[in-house]
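> Starting from the known structure of chain U, fit chain L onto it as the hints suggest.
2 protein chains.
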Amino acid sequence: MSPDRWRELGQQLRVDSVRSSAAAGSGHPTSSMSAADLLAVLLDGGFLRLDTENLANPANDHLIFSKGHASPLYYSVLKAAGIIEDAELLTFRQLGSRLEGHPTPRIPPTDVATGSLGQGLPISVGVALAGKRLDRLPYRVWCLCGDSEMAEGSIWEAFEHAAFAGLDNLTAIIDVNRLGQTRETMVGWDLDTYVRRAEAFGWHAIAIDGHDVEAIGAAYEEAVATTGKPTVVIARTMKGRGVKAVEDQPGKHGKPLDDPEAALAELGGERDLSVSLARPEGGEPHRFPAPGADLPTWDVGAEEATRKAYGEALTALGAQRGDVVALDGEVSNSTHSELFREAHEDRYFEMFIAEQQMVAAAVGMQVRGWVPFASTFAAFFSRAYDFVRMGAISRANLRLSGSHAGVSIGEDGPSQMALEDIAAFRAIHGSTVLHPSDANQTAKLVAAMADREGISFLRTLRGKTEVRTPPDEDVRIGGSRVVRDGDDVAIVACGITVDQAVAAAEQLAGDGISARVIDAYSIKPIDAATLQAAARECGAIVTVEDHWAEGGLGDAVLEALAEADGRPPVHKLAVREMPTSGTPDELLHGAGIDAAGIADAARALARETVG
Amino acid sequence: MSPDRWRELGQQLRVDSVRSSAAAGSGHPTSSMSAADLLAVLLDGGFLRLDTENLANPANDHLIFSKGHASPLYYSVLKAAGIIEDAELLTFRQLGSRLEGHPTPRIPPTDVATGSLGQGLPISVGVALAGKRLDRLPYRVWCLCGDSEMAEGSIWEAFEHAAFAGLDNLTAIIDVNRLGQTRETMVGWDLDTYVRRAEAFGWHAIAIDGHDVEAIGAAYEEAVATTGKPTVVIARTMKGRGVKAVEDQPGKHGKPLDDPEAALAELGGERDLSVSLARPEGGEPHRFPAPGADLPTWDVGAEEATRKAYGEALTALGAQRGDVVALDGEVSNSTHSELFREAHEDRYFEMFIAEQQMVAAAVGMQVRGWVPFASTFAAFFSRAYDFVRMGAISRANLRLSGSHAGVSIGEDGPSQMALEDIAAFRAIHGSTVLHPSDANQTAKLVAAMADREGISFLRTLRGKTEVRTPPDEDVRIGGSRVVRDGDDVAIVACGITVDQAVAAAEQLAGDGISARVIDAYSIKPIDAATLQAAARECGAIVTVEDHWAEGGLGDAVLEALAEADGRPPVHKLAVREMPTSGTPDELLHGAGIDAAGIADAARALARETVG
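Line by line, the protein sequences give chains U and L. Counting in the working numbering, the first sequence tops out at residue 611, every number present. Counting in the working numbering, the second sequence tops out at residue 1222, every number present.
Any given hint might turn out to be false.
To be verified - SDA-like cross-link-like pairs, simulated, lysine to any residue; straight-line CA separation at most 25 Å: (1) L:K1075 - U:S26; (2) U:K229 - U:A245; (3) U:K229 - U:D168; (4) L:K840 - U:N333; (5) U:K255 - L:G1074; (6) L:K743 - L:V835; (7) U:K464 - U:E338; (8) U:K132 - L:A1061; (9) L:K743 - L:A1061; (10) U:K229 - L:P871; (11) U:K229 - U:E304; (12) L:K840 - U:P280; (13) L:K1075 - U:G25; (14) L:K855 - L:G1074; (15) U:K464 - U:A447; (16) U:K255 - L:K1075; (17) L:K743 - U:G188; (18) U:K229 - U:Q181; (19) L:K866 - U:E342; (20) L:K866 - U:H204; (21) U:K255 - L:E961; (22) L:K840 - U:G25; (23) L:K840 - U:G188; (24) L:K743 - L:T838.
Source of the hints: derived by calculation from the structure; they are not laboratory data. Bear in mind the structure is a predicted one, so any value in this text is a computation, not a measurement.
Okay, chain U solo, but in the shape it has when bound (with noise of 0.2 Å):
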């Protein structure tokens, strides 16, 4: 204990904000410096156990700020452990810099992006579990939150979940500063609130002044010696703490101090302490076996479908790779993840209703090297789509399996049908995007996401399908399929709508139509040069997809095209009425998607053509 050093520390790493954000022009300072002293106890007390040498070392500790505008504090505890030097934390937000505005894993150690409120905490609970029951190693994840963040869904969802996976791995701590970006939050500094909610979702909760080094340091120690559940620290602290000027004002949030000269003067002036962090404890991280297994193939002409052929994929690539972990979102008797859990019960996470949890756990896990495949509903990825946004600027590996794509679900309605779904995941940077038509190709699919960097999605569908492509063929990201060869129409279809198509191709044979079918299973990236060739071969060209007009296959086919310097006319067909229930096929005919819509638009293009 060394309460006097501690309290310098938290002055240094106010100093260091408000130097940083002047430097910088913008930034935080005022919420860097309501957290400094917790943060200085965390360092200097030996609380945080990171090997500065080894950033990558597994035993490491993990601390995440939830919080992530209080990047100036950050960025100043990297300089104090000797992580970076003073020079490039005044690069702080410059062009080139890796000290970006909110934190992101181009500063190591620097585990994932935050700065989008509430998702620190969730991908914390995911790193946690994976301490606890994948690597099984005695690292500890710390993360900061902000007050005003606790209003978002989200911090639930990792309060009940950290609870219930027993996380005593895991502290967060808050920061109750009482003042968001314009007013007061809903709970201000009543700490009692907060302790009532954290102790009802199940954690230890323990409160105490953020400014009081040496309760801290005491509600650290409380926090580690705690066992079988996760422990929050809430701290009443001062916004601007230590500057008169900002300190617990409103108005001051966000923006550099006004004079920054007579702020560091009033903290007392720079000071230049450097902490030696204390050292992990050393272990290497579990490994789970790996026996091995075939992946699945299927007959041409069975019926399967791509939902149960995922689970099945899923099962056997979790016998040939111990680091592939699957997590759901309590319909794993969907999406056939189920089939996963059965076989690998260790590596399964139950993540319940909860999609941004376990969107975030997964982030997590990938954290540490673990691959991750979440899977629920197509339609229900669209609850966690910013947690998915942030994973992309995480630089995460995370694999998403969702099931129930498009109106061929049938009966239960537009409420569990993705139709979105093509256009949100293309949306994301670097994703890749899926979307097999039979049991064969998601087999080699999967395989091929547990090597893929960035998000890949995989969109399975409910109904069974004909399996057209043999064991054998080449199938692969960015990749595609002429199921049918032909030249006066190119009908692109992928998942449901390749059985259409076929069928469609057959009536259009009997007019003396000859269809192309193009079953582009890899719709980002897509098979251009195929693409580019049925343009240049065929008269017209066809789309049609179980997804809404905008951002699917569709554009994913003129983008393909786009700069060619003629080309065919193309016609999207789509869904582009609101669903209803039916059965799938009367849902597919309703929308045009089905084979007769199919070559009706066809042979409309083919007139067109000729005439």
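Using the frame of chain U, we list chain L on its own:
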């Protein structure tokens, strides 16, 4: 009090849930049977006050099934109340039936679509807010929740906001049947835990046996009598209650009973009880005065941020129309909705950092005919994407304004940059997507949004842009603006890139290349005629947007030209690498979407065209 009749009515609701699901061959009878007694007492105890002769009576109570999969129960309730006939009940889940797999507003008096869990309660908060602060009528909102959905964070956003707003006109009923789709929930039948959570979030909580009709009646009495805070009735129930083959059994979720005839016999057979619902208290909704105001205008050549223009226009609109209300996610000094708050405090709703609850509240308010505009950073609407998706199924009229679009925000970095929002909103059914480049456009589009059906999204900029649109020029949804004429190349821009496109056109003119600049401020619907004219008249097209390459302006342009027989090559300029911090100019340049990048692309295309 007529407990015997309540028990009989509960059995009738079970019988009708079993019958309708059996007729459909799918559905969720067991999830209906658990809550049947809860609904029987609500109906027959006089608690639900609904004018069945006038389902649009503004004084009516609202009944929202947050657990939308209990639709068999919901429709059985409508039958018991005389709102539908038995014959219609048996059309459940058939094509053409108003009784979809999950409730939608196609069957009055259903306010909103449910079926994505965790949405009904936050929407109920919106309806209750409307009752208390807007309509100022004594109607009550009754919301039936499942226990599985208590894991959704949005439920806790609703709990927090409802207590904060003192919504004693809201009663939540939690059907704690403990069994989810595949297993027991995290909380099981531990009612005390739910009670403690609810109380910690500021609610009055009552735990009961959900099959004890007298206890149910007493709980509802207590709920109605409780003032100053919302009440939650936490009811221990059994899934499949009343039929031994399914009662409290795993594996019975989401399927009709194997032997419905035996089940009906066990339940005592069909009944034909008819309930006369209590009549609501009368009263007319409150109307806010609308003294009138002119929309703001700016002189051509002035500089203003479109987010500021949003705030000013919305404030004027609020003075023109008493039905306009505003909500914000605690960033009102960034989105400039603070101007509305200052002018029309009674109609401003601070929703704090809880974007799901914000959008849900807007959905709830439009149920009662109010015209909500909700604002936050455009990036953070991704947090509420599932709520927007479901809003479309609810046929909700929502106006969403997202600020801080794209890399042009600069130093804050990618977590704060909306780069996928156009794609996400284009893929919402029936949506309108607007991205004005200057203040005058913004003001007119804000006014147009108020009259627009469906979900409209306005994307605004952080930085100032030059006002190019004369105040008296026609600006409309579906329109565009030819900023500059030319025919070697057409540059299609929107938002921040319009200024860049104009600068590029000036550079190109120096090279003897004549560039047409089109300001596509309406991205959906897009001005197809103007784009098709450009395709006919110009040698090439460049699209340029501060957004990822997928699903945005470029794809919208390609779609507008898809069916054209021939068209020039289209080159899409967009953000393609993950941005960092930097100044707006640096980042626009780095992404290749500034004047230099546009001019380079146009030159290359012009060369190809000439060559």
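> For which of the previously enumerated hints does the structure constitute a violation, in increasing order of number?
2, 4, 8, 10, 11, 12, 14, 18, 20 and 22
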